[in-house]
Each structure stands twice: as structure tokens, then as C-alpha cells.
Amino acid sequence: MSGETRSWERFDRRRRLGRSIGWLVALVVFVGSWQFLDMDLVAAETVPREVNDLLTRMYPPDVAYAGDIVAPLIETLHIAALGTAGALVLAVPVALLAAENTTPNRATYWLGKVIVTVSRSVNTIIWALVFVVVFGSGPLAGAVAIAFRSVGFLGKLLGEEIEEIDFGQVEAVRAAGASPVQTLLYGILPQVKPALVGLSVYRWDINVRDSTILGFVGAGGIGVQLFRAVNAFAWGSVATILLVILGVVIASEVISAYARGLVR
Amino acid sequence: MAAGERTWQRPSVFGRREIKWGVYAAVVAFFAWSALGIGADPSRIVRGLGRGVTLLGDFFPPDATPRQAQRIVDKMIESVAMAMVATVTGIALSVPIAFMAAENLSPTPLYYLNRGFISISRAFNAIIVAILVVKAVGLGPLAGIVTITFKTVGFFSKLLAEDIEDIDGGSVDAVRAAGASPLQTLLYGVVPQIVPRFAGLSVYRWDINIRTSTVVGIVGAGGIGSVLLTAFNRYDYQYVSAILLAIVLVVLVAEGVSAVVRRRYQ
Chain W
1 MSGETRSWER FDRRRRLGRS IGWLVALVVF VGSWQFLDMD LVAAETVPRE VNDLLTRMYP
61 PDVAYAGDIV APLIETLHIA ALGTAGALVL AVPVALLAAE NTTPNRATYW LGKVIVTVSR
121 SVNTIIWALV FVVVFGSGPL AGAVAIAFRS VGFLGKLLGE EIEEIDFGQV EAVRAAGASP
181 VQTLLYGILP QVKPALVGLS VYRWDINVRD STILGFVGAG GIGVQLFRAV NAFAWGSVAT
241 ILLVILGVVI ASEVISAYAR GLVR
Chain H
1 MAAGERTWQR PSVFGRREIK WGVYAAVVAF FAWSALGIGA DPSRIVRGLG RGVTLLGDFF
61 PPDATPRQAQ RIVDKMIESV AMAMVATVTG IALSVPIAFM AAENLSPTPL YYLNRGFISI
121 SRAFNAIIVA ILVVKAVGLG PLAGIVTITF KTVGFFSKLL AEDIEDIDGG SVDAVRAAGA
181 SPLQTLLYGV VPQIVPRFAG LSVYRWDINI RTSTVVGIVG AGGIGSVLLT AFNRYDYQYV
241 SAILLAIVLV VLVAEGVSAV VRRRYQ
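Protein chains in written order, with the numbering used here: chain W, 1 to 264; chain H, 1 to 266.
If you're looking for bench data, these hints aren't it; they were derived computationally from the structure. Yeah, the Cβ is synthetic: ideal placement off N, Cα and C, and Gly gets one too. It cannot be assumed that every hint is accurate.
Unchecked claim - Computed from the model, here is a short list of chain W residues facing chain H with C-beta under 7 Å:
| no. | residue |
| --- | --- |
| 1 | Ser7 |
| 2 | Val28 |
| 3 | Val31 |
| 4 | Trp34 |
| 5 | Phe36 |
| 6 | His78 |
| 7 | Ser121 |
| 8 | Ile125 |
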């Protein structure tokens with residue numbers, strides 16, 4: 001080849017080196033983690049067989065069992081609805097604290113951020129463990145757990161919406177002599193109302209999914225039945241419950257998407 | 001008031017005010033039914049609040065004996081390791097599924113099959129999946145890895161498939177017109193367009209996986225969750241709060257790393 005030939009390279013040398021190191025680190029972490037977990041590959045080989053076994057036992061679903069899960073299913077929906085409503089009530093003040101333009105001072109701003117962070121980092125099922133101790137086992141603990149988990153999500157996203165409002169309107173309302181509550185109702189609320197509705201419906205949809213697991217720690221809902229059926233190896237019943245959950249989750253997703261389409 | 005005076009009313013999504021108030025009434029009625037249904041009477045809530053304050057007192061200060069602290073560290077590393085492995089396996093499995101679930105690349109039956117799989121994976125909470133997987137493969141981190149992998153595939157392939165559907169068809173056509181084979185078209189026409197999103201999504205999912213890996217242990221699928229459940233069952237609340245603190249810290253670090261990396265890529 002003559003020296004004139006030039007070849008095209010997508011990345012320069014430094015970026016190529018960076019990418020190679022990135023891949024290498026990823027590989028080392030992966031292999032290291034695998035080694036650390038100390039799982040023999042024999043176990044991994046049996047996985048497909050075991051899963052297959054489970055699936056054959058689940059078929060056909062126990063249709064007669066469907067009647068028994070109507071009540072727990074309704075309870076699950078109640079938990080999701082009340083949890084979302086409770087979260088919304090708690091999230092509005094949190095959002096006002098966590099938004100830079102409405103928070104009274106630095107300390108309240110950080111308080112808002114801390115509430116949001118703690119609520120979001122702790123999983124629903126851990127909140128449920130805590131509230132089962134507080135309220136005793138049952139759906140009330142579940143609803144409160146759902147509410148506490150959702151506060152962070154709603155507070156964070158609502159706070160971001162509040163930060164983006166047009167503050168001129170707020171000042172106009174205030175200049176007309178409105179009290180702080182009136183400023184909130186007529187200056188801020190109308191501007192974030194679509195987001196408020198959209199986010200609540202979205203969170204409700206997530207909460208329907210989350211409330212199906214509360215039963216494992218005794219916080220009510222359809223999870224109680226599911227856990228019982230799994231422990232009794234009643235795989236036909238398990239399959240029925242799973243199908244019902246699938247249906248409800250997809251239905252709530254459709255409702256949520258439709259409602260969010262309306263307010264957008 | 002003069003008959004000619006007109007008042008202004010805000011327009012509403014519902015069109016008519018009667019419908020609006022009807023919808024509001026229905027929603028309130030549903031909440032009332034819910035409150036009755038789950039037994040949320042005020043006296044119970046007040047009693048619970050009292051117990052909540054007591055519990056908060058028991059939680060503070062977080063405390064763990066050296067052995068317990070060691071156990072937290074060990075199990076936390078197990079959680080993180082599970083998340084790492086499952087992120088890699090999950091993403092590796094997601095890529096083909098995402099291509100098969102993209103409407104513009106995949107034949108219709110294959111498209112529906114993969115979309116169905118994605119819906120199922122997304123519909124079930126990780127805990128439910130973990131319970132079934134634990135029954136299938138036994139207790140331990142392997143169950144956690146399988147669970148998190150399964151959840152990752154649903155999330156990752158859905159978002160990646162949407163990105164693939166949004167690519168610019170022009171560059172794909174150009175590569176094909178230059179005489180590329182189907183595989184080459186994929187590699188040089190499609191892949192470069194989705195790589196930046198791919199990197200961002202991977203890190204985002206890794207962050208979620210760290211969160212998930214801290215709870216699947218509650219049903220026996222490895223990681224710190226099992227320690228938390230044991231501590232709860234022994235009413236060792238100072239230990240519980242130490243574990244919770246560890247979980248919050250790890251989740252925050254993961255979220256921070258993920259946010260930094262995603263900002264650099266996007």
C-alpha cells in the first residue's frame with residue numbers, strides 16, 4: 001500500500017482508549033460480581049427445567065378459584081386509591097417546600113428535599129413492614145405505606161412543575177391583596193393543575209401494581225391470597241391470581257393513559 | 001343585578017358543569033367506599049399515630065453490633081453484585097427482544113409476541129416475580145438475578161424498542177442503498193442512532209436494579225432484604241434503622257452516579 005492511503009476512524013485515540021477501559025471495567029465488575037456470589041453453574045443449568053416445570057403445573061389456571069379473589073382484588077384497588085389520595089394531600093405541602101420559588105427559606109427547602117429523598121429511596125414493601133408494626137396487619141397499613149412511598153414521587157415532580165410556573169401571575173394575585181392561601185389557590189394551583197391531575201393518575205397506576213405485593217408482609221390486598229396459594233403449591237390458583245393481576249394492571253394502565261391524554 | 005350582566009366561568013375539560021360535579025361526586029364516593037373497605041376509622045389512625053411515635057423512638061439512634069455491621073456490609077455487597085450481574089444479563093437479553101419489538105423492523109407476529117412478553121414483565125412487581133423464581137430455583141442470589149434480569153428485559157426492551165421506532169429511516173435507506181446486507185444495515189444504519197440512548201438507559205436501569213436488589217431478599221432472593229426482614233421479626237428496631245440507613249445511602253450513591261453519567265451522555 002502506498003503511504004497516501006488514509007483510513008477513516010470513528011474515534012480518536014483517546015476516546016478509543018476510554019471506551020476500551022470502560023468495557024474492561026464493566027467486564028471485570030461483572031465477572032467479579034459473579035465470582036463473589038459464588039453460584040455454581042450447575043444451578044444455573046437447572047433453571048430452564050425448573051421454570052418449565054413451574055409453568056406446566058400452572059396450566060390450566062384454576063377458574064373456580066376466581067370467585068374467591070374478587071374481594072381481595074377490590075381491597076387492592078381501595079388501597080391504591082386511598083394511598084394515592086393520601087399521598088396527594090401530603091405531597092402538596094412537600095412540593096411547595098421542595099420548589100425553589102415557593103419555599104420560605106433554605107432550611108425548609110432542604111427539609112423538602114430530604115422528605116422527597118427518603119420517601120423515594122425506601123421501597124413500598126419496606127414502608128409496609130414499618131406500618132404493619134404501627135397500624136397492625138391489614139389494608140390500612142398498606143394504604144399508608146403506599147401513601148408514604150408516593151409522597152416522594154409526587155412531591156419531586158410537582159415541585160419541578162411549580163418551579164417552572166410563571167411567577168408574574170402569582171405576584172399579580174398577591175398585589176391584588178390576596179392572602180397566602182388565596183395566592184396558592186388562584187396564583188399557583190391553576191398553573192400546575194394539569195400536571196397535578198396527570199401525575200396523580202400516573203402514580204395511581206403505579207400504585208395499583210405496588211399494592212399487589214403488600215400482602216406478603218401482611219398489609220392486605222391480593223398479595224395475601226397469592227402468598228397463601230404459592231405456599232400451598234396450589235399452582236392452578238396462582239395462575240388465576242396472576243392472570244387477574246395482569247388484567248387489572250393493564251386496565252389501569254389504559255385508564256391512566258386515557259386520563260393523562262385528557263388533561264394534557 | 002342587572003339582567004344584562006354576564007358572569008365569566010372557567011371552561012372545563014368535562015364540557016358541562018353537571019358532568020364535572022358528577023365525576024367529582026363519583027370520585028369522592030369511591031374514596032369513601034375505599035375508606036370504609038379498608039377500615040380506616042379515625043380512632044384506629046390516632047392509636048396508630050401514637051404507636052408510630054413510640055416506634056420512631058425505638059428506631060433512634062440507629063445501632064448495630066460489629067457483627068451486625070459486618071453482616072450489613074456483606075449482604076449489601078451481595079445486593080450490589082446481584083444488580084451488576086442482572087443488569088448485564090438483562091441488557092444482553094433485551095437487545096434482541098427490543099429489535100423484535102420494534103414495529104418498523106419486525107414482522108407483525110413477532111412484534112406482538114415480544115410486546116406481549118414486555119407487557120407481562122412490566123405488569124408484575126419484582127416481589128411477585130421473585131416469589132415464583134425462588135420456588136423455581138431455590139433461595140439465594142441466583143433467584144434475585146433471574147428476577148431482576150426478567151424485570152430489566154421488560155423495561156429496557158420497551159424503551160429501546162421505542163427509540164428504534166423513532167430512528168431516522170433515511171440513514172437506514174442510505175446504508176441499504178450502498179449495498180449493505182441486512183446485518184450491515186442493522187449495524188451501520190440502526191445501531192449508531194440508538195447508542196447514546198442505549199448508554200443512558202443502561203445506567204438508569206442499573207440504578208433501578210440496585211434499588212430492587214435491596215428488597216427482593218424479603219422473599220428470600222438474596223441480598224440485604226433478608227437481613228432487614230429478620231431484624232424486623234426480632235423487633236430489633238435500632239438494627240432495622242441501621243439497615244434502612246445503609247439502603248438509603250447505597251440508593252442515593254447509585255442515583256448520583258447514574259445522574260452524572262446520564263448528564264455526560266445526553
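Comparing the hints with the structure gives:
1. Ser7: Because about 16 Å separates Ser7 of chain W from the closest Cβ in chain H, which is outside the 7 Å limit, the hint is violated.
2. Val28: 10 Å, violated
3. Val31: 9 Å, violated
4. Trp34: 6 Å, holds
5. Phe36: 5 Å, holds
6. His78: 4 Å, holds
7. Ser121: 4 Å, holds
8. Ile125: Constraint on Ile125 of chain W satisfied, holds at 6 Å.
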